[in-house]
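Which chain is which? The protein sequence lines are A and B, in order. The numbering of the first sequence is the working numbering, which starts it at 101 and goes up by one. The numbering of the second sequence is the working numbering, which starts it at 101 and goes up by one.
Among the clues, some could well be false.
Stated by the list, open to error - No farther apart than 20 Å at their CA atoms in a straight line, the calculated lysine to aspartate or glutamate pairs in the EDC-like style are these: (1) 142(A) x 175(A); (2) 104(A) x 175(B); (3) 104(B) x 175(A); (4) 104(A) x 119(B); (5) 102(A) x 175(B); (6) 150(B) x 175(B); (7) 102(B) x 127(A).
Said to hold, decoys possible - Calculated Cβ distances over 10 Å to all of chain A for the following chain B residues: (8) 101; (9) 112; (10) 135; (11) 136; (12) 139.
Because the hints were derived from the structure by calculation, they are not lab data. Just so you know, even glycine gets a beta-carbon here, dropped at the ideal spot from N, CA and C.
2 protein chains.
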Amino acid sequence: MKTKVIFYHAGCSVCVTAEQNVAAALDPARFDVEHVHLGQAKNRVAEAEKAGVKSVPALVLGGTAYHINYGAGIEVLR
Amino acid sequence: MKTKVIFYHAGCSVCVTAEQNVAAALDPARFDVEHVHLGQAKNRVAEAEKAGVKSVPALVLGGTAYHINYGAGIEVLR
């Protein structure tokens, strides 16, 4: 069974670069990556915050948030 | 031919978590990951800075530095 990973982003340029280079580099044999655009799916912001996401882009993997560079703070996406 | 990725770290707890979860999640079919401990390999700090690394842990992939959370600023490793 694959491990679920969520890539949270907001469509910003830092986000797109991270998505195309880091999220896309994860091993597809071991991980299923869901891409969530928090600017469009505002109903998922609370879930991201609960997982520890403080800024986007971020990956949530194994219950931990990994912020990749800095595109925008999550507070502007609420 | 695989793409070379360098994971720069300093053995800190944030670094170890990122190493075991993000660096280890990259697709081994497409990427060769080199792990560089900048606390031990101080002669590689300049190279990391040239690649845009400002803090560790960080991945350098395709010429771009991706900082993963924040363990330590690179200036303390010089």
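- Tell me, in ascending order, the numbers of any earlier hints that this structure violates. 2, 3 and 5
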